[in-house]
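*Asks:* Each chain, written out:
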Amino acid sequence: MSLILFGVFLASLFLGLPVSLGMGLSGMAAVLLDGRFPGMVVPQYLFNGISSFPLMAVPFFVLAAEIMTASGLTRSLMKFADHLVGHIRGGLGHVNVLISMLFAGVSGSALADAAGPSAIVMNLMRKAGYDAPYAGALSAATATIGPIIPPSILMVIYAISDNRVTVGGLFLAGIVPGILLGLALAAANHVVSLRRGYVFRSRRPGLRELAGSFWEALPALLLPFIILFGILGGIFTPTEAAAVAVAYALAVGLFITRGLAWKDVLPVFARAGVTTSAVLLIVSMASIFSWLLTILQIPQSLAAGIAKLTTHPALVLILVAVLVFLCGMVIDTLPALIILVPVLGPLVDRFGFDPLHFAMAVVLNLAIGLVTPPVGPVLFVISTVGRIRFEDLARAVLPLILVELAVLAAVIALPPLSTAVPRFFGFTR
Amino acid sequence: MRGFDRIFRRTNRALIGGMMFAMFVLVFVNVVGRYIFQVSYAPAEEISTFLMIWATYLGAGLALREGRHATIDIFLDRLPPSARRTLRILLAGVMLCFFAALCWLGVRMSLFGWSQETIATQIPAGIPYLAVPLGSLFFCLHLVLSFQNWLERRWQENPPDEPTALPEEETP
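In order, the protein sequence lines correspond to chains P and Z.
Under the working numbering, think of the first position of the first sequence as 1296, with each following residue one higher.
Under the working numbering, think of the first position of the second sequence as 330, with each following residue one higher.
Worth double-checking, as some hints may not be accurate.
Stretches of chain Z that chain P covers, calculated by requiring three or more beta carbons in the stretch to come under 8 Å of a beta carbon on chain P [what the hints assert, rightly or not]: (1) 376-386; (2) 453-464.
Pairwise CB distance ranges, derived in the manner of DEER restraints [to be verified]: (3) Ile452/Z x Lys1558/P: 29 to 35 Å; (4) Pro1669/P x Asn478/Z: 22 to 28 Å; (5) Ile1530/P x Asp334/Z: 42 to 48 Å; (6) Ser369/Z x Ile1551/P: 24 to 30 Å; (7) Met1296/P x Pro453/Z: 29 to 35 Å.
A few chain P residues facing chain Z, derived, Cβ under 10 Å [said to hold, decoys possible]: (8) Leu1341; (9) Ser1346; (10) Thr1571; (11) Leu1629.
Since the hints were derived computationally from the structure, they do not count as laboratory data.
Even glycine gets a Cβ: it sits at the ideal position worked out from N, Cα and C.
Chain P on its own, in the form it takes in the complex (with noise of 0.2 Å):
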């Protein structure tokens, strides 16, 4: 049985079926040809795998980002991130970096930023002079520090599947990496503009313009405290804190900015109803593909194989680190999360670790996946919009990652980099 998933699994993947596709094909095929179980019980998994409404987050993010960008707010968000600091030496690559920690306040997915406000940066570098390959690798960097910062996609369906966690304490535990991971990130901006002579400043805005684009872009900085302070303060859970996210965008769009029409509403709302469809396919088919591991007992053994190597509590967690690293070069971000959280969460009880930090540390490693070659989605959409080579950009961005790797060997080495900020407020898990 274990043979068929995952023989299946991998060959329909390096194929190039959907992903998502790769996970109910090989679950269909181990149930029917397995005949332990009937065939109705994939149906059944699939369903049950989305019935939840915490998932429901995921939706009204989307949404919430889709509707901010429709109304103008993230173009606000970029002029606002060029007057910070687009007359520093590299600016257009800081601007890049910022524009990145403060969209990753808006949207959750670090797809959404590499396609959105990344790549839009990414086009101003290569005007300015630039090298395509880096700014391209750069927009791809900084597009992993969306799933870091809340609110996080990433984060909602890793406390769905580990209640080890909660959302609350993991969108917290994100600050303080992601705010490292914006730093990190500009520092080597830095070092690259210095040593390669990019200067291209922009004209430095006065104290009046400055806090004239503050104010512009005020109604879309202020959306993850409204998230945060919600769910802080236990007045919503996280579902219905990114609902009033979505009602908070809408009244922003609709009377505030008015850069959003009220024909335009529902056009908006299809549009993240279709990558709603994309994303949550992947987690309704990865239920099936995680329940049949469960069922093969592959996370306890993996667990005790680990446990046999080692019992040293930091080996442990680097081993997991290489780990979690390697299955994020080669698979897809989501399906990874899904697949190795129940694998991975026997070890947390086992060694004793801090389910946050842990959580934290699988997380950010998984973000880095999204732009490690060879399969890392965000390069996949940076190459297509920028339309530059696979190989170039990969190249590109291996200094970038080593900069995020060094970010993650950080949040692994010091657990109250993850762990200070959620038990300040009271989360300990």
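Since chain P is already given, all that's left is putting chain Z on it; use the hints.
*Replies:* Relative to the frame of chain P, chain Z by itself:
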């Protein structure tokens, strides 16, 4: 055929948009009701969850047309055009078979669930279950209707509404 295709696509989009909208309204109104007026509509959670599942399955075909299903193309890209074409025909066949089987299993699940009631709304559980077979059917229809696009990987994009440049004078 082209006329049917257009109507089908539009109806499908409108359905998805409507479901997402209804889902949002249900959850949001319930939040407002609970915290401001201390009244809540208990089945809202269940109905909105079902709507999400329906939108997911009915949207899968549209996502296919827009090339939104994450795929690893590395091997495919290295094949000569004729072999690539053959492989994509084969993949389309695999997807059709998969969703046809899923449709069949889903119909059986719905019939089986017709005698059970859902927890909060107490409608036959077979009704929400129909999302899976119906969505599978939609997916197959979309695949057949846009088969040529699938072969050539010509994705139908929504017109992007994102700004393509920084406004005014910032562009250096």
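*Asks:* Could you run down the list of hints and mark each one as holding or not?
*Replies:* Here is what the structure says about each hint:
1. 376-386: Answer holds; 8 residues pass the 8 Å Cβ test.
2. 453-464: holds (count 5)
3. Ile452/Z x Lys1558/P: 29 to 35 Å: holds, 33 Å
4. Pro1669/P x Asn478/Z: 22 to 28 Å: 26 Å Cβ-Cβ, so the 22 to 28 Å window holds.
5. Ile1530/P x Asp334/Z: 42 to 48 Å: holds, 46 Å
6. Ser369/Z x Ile1551/P: 24 to 30 Å: At 29 Å between Cβs, range holds.
7. Met1296/P x Pro453/Z: 29 to 35 Å: Between Met1296/P and Pro453/Z, where Cβ atoms are some 33 Å apart, the hint holds.
8. Leu1341: Constraint on Leu1341/P satisfied, holds at 6 Å.
9. Ser1346: holds, 6 Å
10. Thr1571: Interface hint status for Thr1571/P: holds (6 Å vs cutoff 10 Å).
11. Leu1629: holds, 8 Å
The structure is consistent with each of the numbered hints, conforming to all of them.
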